[in-house]
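Dock chain B against the given chain A, drawing on the hints supplied.
There are 2 protein chains.
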Amino acid sequence: MSTYTAPLRDMQFVLKDIAGLDEICALPGNEECSVDLVESILEEAAKFASGVLDPINRNGDQQGAVVKDGVVTTSPGFKDAYQLFCETGWNAMPFSPEFGGQGLPAVVTMAVNEMWKSANMAFALCPMLTSGAVEAINHHASDELKQKYLPKMVEGVWTGTMNLTEPNAGSDLAAISTKARKLDDGTYLVTGTKIFITWGENDVAENIIHLVLARLPDAPPGLKGISLFLVPKFLVNDDGSLGARNDLICASLEHKLGIHGSPTAVMSYGDQEGAVGYLIGEENKGIGYMFTMMNHARVNVGLEGVGIAERAYQHALWYAKERIQGAIVGDKSGEKKPILHHPDVRRLLMDVKSRTEAMRTLAYYAAAQIDKAHAGDAAAQARIDLLTPVVKGWSTEQGVELSSNALQVFGGVGFIEETGAAQYYRDSRITTIYEGTTAIQANDLVGRKLAREKVPGAGMKAMLAEINATADELAGNAGLANIAANLKNGAAALTAAADWILANYNDKPQAVHAGSVPFLKLTGIVAGGWLMAKSAGVAAARIAAGDSDPFYRAKLATAEYFATHQLPFAAAYAAEVMGGAEAVFGLAEDLF
Amino acid sequence: MSTYTAPLRDMQFVLKDIAGLDEICALPGNEECSVDLVESILEEAAKFASGVLDPINRNGDQQGAVVKDGVVTTSPGFKDAYQLFCETGWNAMPFSPEFGGQGLPAVVTMAVNEMWKSANMAFALCPMLTSGAVEAINHHASDELKQKYLPKMVEGVWTGTMNLTEPNAGSDLAAISTKARKLDDGTYLVTGTKIFITWGENDVAENIIHLVLARLPDAPPGLKGISLFLVPKFLVNDDGSLGARNDLICASLEHKLGIHGSPTAVMSYGDQEGAVGYLIGEENKGIGYMFTMMNHARVNVGLEGVGIAERAYQHALWYAKERIQGAIVGDKSGEKKPILHHPDVRRLLMDVKSRTEAMRTLAYYAAAQIDKAHAGDAAAQARIDLLTPVVKGWSTEQGVELSSNALQVFGGVGFIEETGAAQYYRDSRITTIYEGTTAIQANDLVGRKLAREKVPGAGMKAMLAEINATADELAGNAGLANIAANLKNGAAALTAAADWILANYNDKPQAVHAGSVPFLKLTGIVAGGWLMAKSAGVAAARIAAGDSDPFYRAKLATAEYFATHQLPFAAAYAAEVMGGAEAVFGLAEDLF
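So the protein lines, in turn, are chains A and B.
Residue numbers are given in my numbering: position 221 of the first sequence equals residue 217, and the series is strictly consecutive.
Residue numbers are given in my numbering: position 520 of the second sequence equals residue 516, and the series is strictly consecutive.
The shape of chain A in the complex, shown without the other chains (with noise of 0.2 Å):
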């Protein structure tokens, strides 16, 4: 039996030669935060990942959450493990120390958040919505609803959920119906129907937080009509204990494809009167309060596609390991070896091993970016924004095409549910699609990231720059040649994308929307890529130095492996952009 163990080492590498860990910690405000500590934290989350939260991952899809009543019971165990996340602090830990949290930087956040979502992505998803809520409620609340709210939901207590998506307004946000109409006591009565509400219903929390999207009387139509409500399961008295229960009710939780550990709930609100809610900044603009959520919570969601992918591979892996099945090809002794020595089970090993590192890599990088644009580096703000939907959009198709892989791995055994591996296929099927479809975050990068920029494309051609003067640099080292000319060419595949793009935006903008899905991929690989051509450059000076920790010698070569299997797609990707949007038009709606 497989079981999680956090890949520490390259977390730490990642976080410290890529991400400027260092740097990250002597930024005003990180004055508490040192490597060391680092280091300490990461070992005592790896501890919590593999003892309490991995155990009970298995349990939550085959016993998911169910409701009875309006009454959820999550799966057995996660209500005992929730406790002690919060009892050590796991749930306080990225938060204002104003409200009780540790603030540490977003970096460490990350590596942390890692290991919850491989050891259990179910349960993951319940501190990762609150976390949104907090971000939310702290960016747009009110101060007395700050400091009624936050103290509890930072500590855990009380769980927080975001309520966007209704029937008929899924990635349409501007079709919202749900109804808030304006007491005299200056709170709101909030009537109307959410879907797909994770974690909107549970039994490990004391008090439910929901943020709420809702329509005044007279708003405007569309998207600057909608306000954001905080809506409390329980109202709260004003000396913070829980008074009389709100007028909201879990109609029903979704039997779904995986996930079944996290209760993804059908919320009624205002069957009766009405649910009590508190506006949160000013009516009519709870759409950009709610992207401030959603920025977080997409980055995060990418973060799902490395851990789900990590832990796969930490599971396949395993099984290679351990299954011993026939003699090797090209071996004269006919020796029956584990299938780790076939070449195709090596292939989609190191397949899932050096994409997930570079999946790891740009999400550490980009919430690096955070801490930096956080402490005002506007070049890291406009690398954040350029990289968040390619975090999101890029790691959870990988997520769900290395899953696929590690799968295969197992063959026929792979297939059965007791094995394991069709579980990690299953959960990672979601990331693709909630905080925005792949296609949502396409569409972000080629128009607000990229082509409708202040200067259009600079924020691209900045990040090129930097690939280009990588591959530039690596070109000179005989060992890093291979990956410097592969890196170059998914370079200037990109950069003819992006100036196709550039070029066609405005007059053609069904055919840049056409390409943007394959764009957004192309993206990704050449910035996985790049780090992971940086990363090998680290490594090959470490080496050179003399230092002989074996770490080095893999990390060279997964970066060998991306360059030659992963960035040689770069220009398949860009041909899609750039010689396929009309066929992309080509057939006729009625004869589809």
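Hints are computed from structural coordinates only; laboratory data are not their basis.
None of these values were measured; they are calculated from a predicted model.
Not one of these hints is a red herring.
All copies of an identical chain are treated as equivalent in the list; a pair is satisfied when it fits inside any one copy or across any two copies.
25 Å max Cα-Cα, derived PhoX-like pairs, lysine-lysine:
#1 Lys43 / Lys317
#2 Lys504 / Lys333
#3 Lys175 / Lys220
#4 Lys504 / Lys328
#5 Lys175 / Lys332
#6 Lys333 / Lys220
#7 Lys281 / Lys332
#8 Lys328 / Lys450
For chain B alone, coordinates are given in the frame of chain A:
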């Protein structure tokens, strides 16, 4: 609610204009076949698929087969549907008239089988396994066994299975340990456990005829010591009536990711005195006989990739026309339209449609080679040998990707089981594993079918010459120049990769096998792209001749899509084959 409708127009086009149905009907032995007859057979099959098999497909998923004390109860409706399937003669269709079959060409069976697989893949596995068993018995068993077993199996009253896998013998059949010993009366007693036996036990058939691989006491080790036995569930008296229950039992059914309607049995032989079996052919030649069945089954499993992608496409298309969500980018009216109008939904659907058509064309084309080879055409035999692993490996890998793309069209509801998209995604996942994983197919392709051919590479070179000829022919037609250019590039990539394999197979077998799966995908894309280009050529000629059937415009559009969105990937796969082998082995085992 979407229901399945057989894509008759495309099926007929491929049969007539690409697979050469006319020519096949004119072959000796096919005298009764005619284009008109085939047309009415397809129409009747389409009705059966939509009217009988499709409606019980979800039952099969939600209430899978169950076992109690060795007795299997299949999903609701399956037993009645199977009875009707046999009564209306569908089971008998592909078989020799000698035993009650209708002796239709393989190419016709292929089209009809696609419908069964689309409508209900779990159900369709039952006749597929019977069909493989009939073929093995017909080719290799004694006349006595044929006379006794085939008529009932052809009729479908008795079903057939293939028993290869054991807990320690999966891809490595040489490890088979099930035992057989000969009795004085010439029969054998079989003892052992077989796993993953599709439809190994069921309540739809009066008797089940197991073909079991087992080892005689004095057999040589490895693959050369395995014999094939016919082991019936009930012994059959000389008058054809059923006798005693044989000593075999279904020990359990697997709990699987998908195809819940197909009972996947653990079969236990000889718990008491030994199960009575009858030798098929000669002792120790079982593996060769089993390959008769396997090659047949491999093309048929490849067809599952086509069938499931077609069904997933229809389902997603139905939703994309039904679901209204958001204004369309670039549409100044701001009108909300069905999501089919959103560029990325359009791309996803074009992707599934175009690639499904390419797979269908390749599968039917391959079946036509079976018919021609059957009539003594050596070139056709070489072509089907080459294409069998490609149809199996490429189409199933595509089926998994395309059912995922179809699910993506649904957004959030795609992840909800009630929607049905998740079933196709789950069902499809077995297809790259059973009947030989994609790696097994790919190793067959680079080995027996390329480098170890009598004249190494001759079959591939012959196909490439035809592909280049098609590209040259179409290049003169302005409307097809883009398709021709992309095909030419694809063919160049395949040529280079094939040459590399031929040059390195003997000296670097591991390096070649490390790239075998990318090479298989490369071959599939180029062969599929070739036949789509040929299809476009036919369509363009018909349009030029004044034919206004919109089908031809649609075919031009899907061929253009395939050329601009799939053929560019050929170069990337070739790069993996030629430039990535060392990277696959770059990591020492202890560094994984």
